[in-house]
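**Q** Chains R and D, in that order, are what the protein sequence lines are. If you read the first sequence in the numbering used here, its first letter stands for residue 1, the second for the next number, and so on. If you read the second sequence in the numbering used here, its first letter stands for residue 1, the second for the next number, and so on.
Among the hints, erroneous ones may be present.
Counterexamples of contact, computed for chain R against chain D with all Cβ distances above 12 Å [claimed, not checked]:
hint : residue
1    : LYS87
2    : LEU167
3    : SER232
4    : CYS337
5    : ILE347
Rough simulated footprint, nothing fancy, chain R against chain D, three-plus residues with beta-carbon under 8 Å [as the list claims (entries may be wrong)]:
hint : segment
6    : 13-26
7    : 316-325
8    : 361-371
Derived Cβ-Cβ restraints for the label pairs, each shown as a range [to be verified]:
hint : chain 1 : residue 1 : chain 2 : residue 2 : range
9    : D       : ASP48     : R       : SER40     : 45 to 53 Å
10   : R       : LYS3      : D       : HIS288    : 24 to 32 Å
11   : D       : GLU310    : R       : SER40     : 43 to 51 Å
12   : D       : ARG313    : R       : GLN321    : 30 to 38 Å
13   : R       : ALA362    : D       : SER226    : 42 to 50 Å
14   : D       : ARG223    : R       : LYS3      : 47 to 55 Å
15   : D       : ARG223    : R       : THR41     : 36 to 44 Å
16   : D       : ASP40     : R       : LYS3      : 58 to 66 Å
17   : R       : GLN321    : D       : LYS269    : 52 to 60 Å
18   : D       : LYS259    : R       : HIS267    : 50 to 58 Å
19   : D       : HIS37     : R       : ARG370    : 46 to 54 Å
20   : R       : ALA362    : D       : HIS288    : 39 to 47 Å
21   : D       : PRO218    : R       : PHE234    : 51 to 59 Å
22   : D       : ARG313    : R       : TYR45     : 42 to 50 Å
No wet-lab data here; the hints were simulated from the structure. Ideal placement from N, C-alpha and C gives every residue a C-beta, glycine not left out.
Chain by chain, the residues run as shown.
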Amino acid sequence: MYKPETYLAQLGNRSETATGTVNPPVYFSTAFRHEGIGQSTGFDYTRTGNPTRQLLERSIADLEKGDQGYACSSGMAAISTILALFKSGDAWIVSEDLYGGTYRLLEQGFKKWGLQCDYVNTCCLEDIEKAITPHTKAIFIETPTNPLMQQTDISAVAALAKRYNLLLIVDNTFYTPLIQQPILLGADIVIHSATKYLGGHNDVLAGLIVASGAELCDALAFHHNGTGAVLSPFDSWLLMRGMKTLALRMERHEKNAKILVDYLSEHDCVTDVLYPGRGGMISFRIIDEAAVNPFLQSLSLISFAESLGGVESFITYPATQTHADIPLEVRTANGVCNRLLRFSVGIEDSDDLIGDLQQAFAHVKREALR
Amino acid sequence: MTDHDFSFETKLLHNQHKFDPATGGVSVPIQHASTFHQSDIDQFGKYDYSRSGNPTREALEDIIAELEEGTHGFAFSSGMAAISTAFLLLSAGDHIVISEDVYGGTFRMVTSVLNRFNIEHTFVDMTDLESVKAAVQPNTRAIYIETPSNPLLKVTDIQAVCDIAKKAGALSFVDNTFLTPALQKPLNLGADVVLHSATKFLSGHSDVVAGLAVVKDPELAARLGSLQNSFGAVLGVQDAWLVMRGLKTLSVRMEHSQKGAEKIAAYLKEQPLVKKVYYPGLADHPQHAIQKGQSLGAGAVLSFELESEEIFRSFVNTVELPVFAVSLGAVESILSYPAKMSHAAMPADEREKRGITNSLLRLSVGLENPDDLIKDFEAALVNIAKGEAIAAK
Chain R
1 MYKPETYLAQ LGNRSETATG TVNPPVYFST AFRHEGIGQS TGFDYTRTGN
51 PTRQLLERSI ADLEKGDQGY ACSSGMAAIS TILALFKSGD AWIVSEDLYG
101 GTYRLLEQGF KKWGLQCDYV NTCCLEDIEK AITPHTKAIF IETPTNPLMQ
151 QTDISAVAAL AKRYNLLLIV DNTFYTPLIQ QPILLGADIV IHSATKYLGG
201 HNDVLAGLIV ASGAELCDAL AFHHNGTGAV LSPFDSWLLM RGMKTLALRM
251 ERHEKNAKIL VDYLSEHDCV TDVLYPGRGG MISFRIIDEA AVNPFLQSLS
301 LISFAESLGG VESFITYPAT QTHADIPLEV RTANGVCNRL LRFSVGIEDS
351 DDLIGDLQQA FAHVKREALR
Chain D
1 MTDHDFSFET KLLHNQHKFD PATGGVSVPI QHASTFHQSD IDQFGKYDYS
51 RSGNPTREAL EDIIAELEEG THGFAFSSGM AAISTAFLLL SAGDHIVISE
101 DVYGGTFRMV TSVLNRFNIE HTFVDMTDLE SVKAAVQPNT RAIYIETPSN
151 PLLKVTDIQA VCDIAKKAGA LSFVDNTFLT PALQKPLNLG ADVVLHSATK
201 FLSGHSDVVA GLAVVKDPEL AARLGSLQNS FGAVLGVQDA WLVMRGLKTL
251 SVRMEHSQKG AEKIAAYLKE QPLVKKVYYP GLADHPQHAI QKGQSLGAGA
301 VLSFELESEE IFRSFVNTVE LPVFAVSLGA VESILSYPAK MSHAAMPADE
351 REKRGITNSL LRLSVGLENP DDLIKDFEAA LVNIAKGEAI AAK
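Make a model of the complete structure from these sequences and hints.
**A** Right, dumping it as structure tokens:
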């Protein structure tokens, strides 16, 4: 097996022999011709299976060391597809520090259909075990969590899940398989908002699922096709195009993030810096809530935008953006306070990023913190 | 242009097109419109017809102009379309001095198209400034440089040749495809027109065919702009967008691939079955000093000659990792056979004269881990050596 960057660089190469193309074709065809009754090429209708999407699905399964991949039209579509595996009366245990969109889907969506969720600090194994009831069917964790960067010991939770016969679902969006491979640590399902690092250019919306085990894979394939929230051929192709540079991007994101963690930790306008040690995501708290908006408004290089994992640096304000759907008291109790900013560090020159933060902090000191 | 003095890798991501002004979108929208509504009878807007100007293509043109430190960029449907359109700056009766080991497609353009329009040419070894001077004629209107050259990686002193061109009243054209502005900026060394096959490193993913031209002088820009519009070999909007997307990772890609090329060149140099390695990053390359002086690195393309055509054939048949194909500058490493690929348009005797033998291979190093490539080459070379040993018995 080649090294991951070699695998990524050659993604889709040698995928067909008819033309020898180095880059896989985009199959827009919605239907596939059959020679006769019962004679399928393996492709019938594009929702069920598409050659371009299949290449992406194979790749993510290989990278995550799972058995099968499923490409969905968004990260949320990936989670919804997994939720279709459950039924009324089932319960999930979920990381309490959680992406707001997942929280909204569970609380405003699946709760109505009888799925109960218990939110716990999944970093604490005892808390998870205490929350398990006879109805519990799965544990869903984000690690590192968004935006507080807490890490869960995947192997320990996996052992617990096995003991209670629960599915372990891990959202691996922040680390990608280059840093963390949850299936090797015992997880059953890995999901990604591939819009983030995997796509990497802030121009594709996509979700990916990887599962391990034949029975689970068949059930997911059934719902992936049945629910139909599949990724389009063009976006599948664009996502693979992005993945070809994933290793290089990740290396630069992480290198820059470490430099910025050092810078932010030293700055007197910053009270805390949260960084899990790997990857390109940092959160930090500004000294005063009144400084947040002036700070964001005076950034000139870094964009104030929602989302993460792209080549360009983004700073997000979880309180009003990603976590707006979590009630104020829940969010504040968890630590997502109104002084917290989340920083997706891009691949720019780190000196240029520091320069931008420096001038924004200087502006805040002059104007807002007098 | 931006008013910040950002470093090159930051400029790749932050330029005047980083946001769509209407929506705040962080990716340039693809404007498929071929024509644009005009709201004033007497004064048409900036855009009227997409061949003459399209906002998506224009974004790419602005970006490449900034990266090359020129004033105007022009996007074309292929590298050859960019080169051909630039040659149209010349007129019947003019003369071109051109690198002798120029890309086969440019060779074909000069020797079988421009000659019919009565535009003459002289091929010279651009590394020899005296021959360049000697080749200049009273009607010389352009000197065409490719550096490092393809496929022998000969390095031309850009500034010195541009000086010769200036004195002769000729334009200097530099094909900057191999190094890109990440490593070399010919306009700052005196060149008038920089040309690119953007299919290669600039776009970088083996999935777009595109050409770019950049100039500094506004008057020259007006002439080239008019030719781009009248000749019409413009780049489509989807492709313009894909090139821009590729550009965002140019810096990290070049850095990785160049490091790999250095490592592989050093490895190949030590192999007994390898006769010669051509790479300007090697200290014993004849123009190593010039290369270091005018660029930030030697790039990610190297060529090497195997001991015999037979060895060459078994090598190509045994290696598994690089693609055996034309083109270069991609995420995947590409091994090419100049004699039958890029330089097939050149007659055999001309080729041999230039050193493009039948056992020469060109390698464009991609984004794989270079150790995986070396392992692959090592396996092939060991296999050949074994075969030779058996044959010797």
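**Q** Against each hint, give a clear statement of whether it holds in the structure.
**A** Status of the hints after comparison with the structure:
1. Annotated as non-interface, LYS87/R keeps its C-beta farther than 12 Å from every C-beta of chain D; the closest such distance is 40 Å.
2. At the 12 Å boundary, the C-beta of LEU167/R stays outside the reach of chain D, the nearest C-beta of that chain being 35 Å off.
3. No beta-carbon of chain D comes within 12 Å of the beta-carbon of SER232/R; the shortest separation is about 15 Å.
4. Every Cβ of chain D is farther than 12 Å from the Cβ of CYS337/R; the closest lies at roughly 26 Å, confirming the non-interface assignment.
5. The non-interface label for ILE347/R is inconsistent with chain D: the shortest C-beta to C-beta separation is roughly 6 Å, within 12 Å.
6. Figure legend: the segment 13-26 of chain D, annotated as covered by chain R; annotation consistent (6 residues with Cβ-Cβ distances under 8 Å, at least 3 required).
7. Chain R is given as covering the segment 316-325 of chain D, and this holds because 3 residues of the stretch bring a CB closer than 8 Å to a CB of that chain, at least three being needed.
8. For the segment 361-371 of chain D, the stated coverage by chain R holds: 5 residues have a C-beta nearer than 8 Å to a C-beta of that chain, and at least 3 were required.
9. Distance hint check for ASP48/D and SER40/R: the Cβ-Cβ separation is about 50 Å, which falls inside the suggested range of 45 to 53 Å.
10. The hint said 24 to 32 Å for the Cβ distance between LYS3/R and HIS288/D, and at roughly 30 Å that hint holds.
11. Take GLU310/D and SER40/R: their Cβ atoms lie about 46 Å apart, and the range 43 to 51 Å holds.
12. Hint check: ARG313/D to GLN321/R, Cβ distance near 60 Å, so the stated range 30 to 38 Å is violated.
13. At roughly 47 Å, the beta-carbon separation of ALA362/R and SER226/D lies within the given 42 to 50 Å, and the hint holds.
14. Taking 47 to 55 Å as the suggested C-beta distance range, the pair ARG223/D and LYS3/R conforms, at roughly 49 Å.
15. In this structure the hint that ARG223/D and THR41/R lie 36 to 44 Å apart at CB is violated, the actual value being about 54 Å.
16. For ASP40/D and LYS3/R, the hinted distance range of 58 to 66 Å is satisfied, since their beta carbons lie about 59 Å from each other.
17. As the Cβ distance of GLN321/R to LYS269/D is approximately 54 Å, the hint placing it in 52 to 60 Å holds.
18. Taking 50 to 58 Å as the suggested C-beta distance range, the pair LYS259/D and HIS267/R does not conform, at roughly 33 Å.
19. A hinted range of 46 to 54 Å holds for the C-beta pair HIS37/D and ARG370/R, which are about 50 Å apart.
20. Evaluation of the 39 to 47 Å hint for ALA362/R and HIS288/D yields a pass: the beta carbon distance comes to about 45 Å.
21. Between PRO218/D and PHE234/R the beta carbons are some 39 Å apart, a value that contradicts the proposed interval 51 to 59 Å.
22. At roughly 46 Å, the beta-carbon separation of ARG313/D and TYR45/R lies within the given 42 to 50 Å, and the hint holds.
Of the numbered hints given earlier, the model fails hints 5, 12, 15, 18, 21; all others are met.
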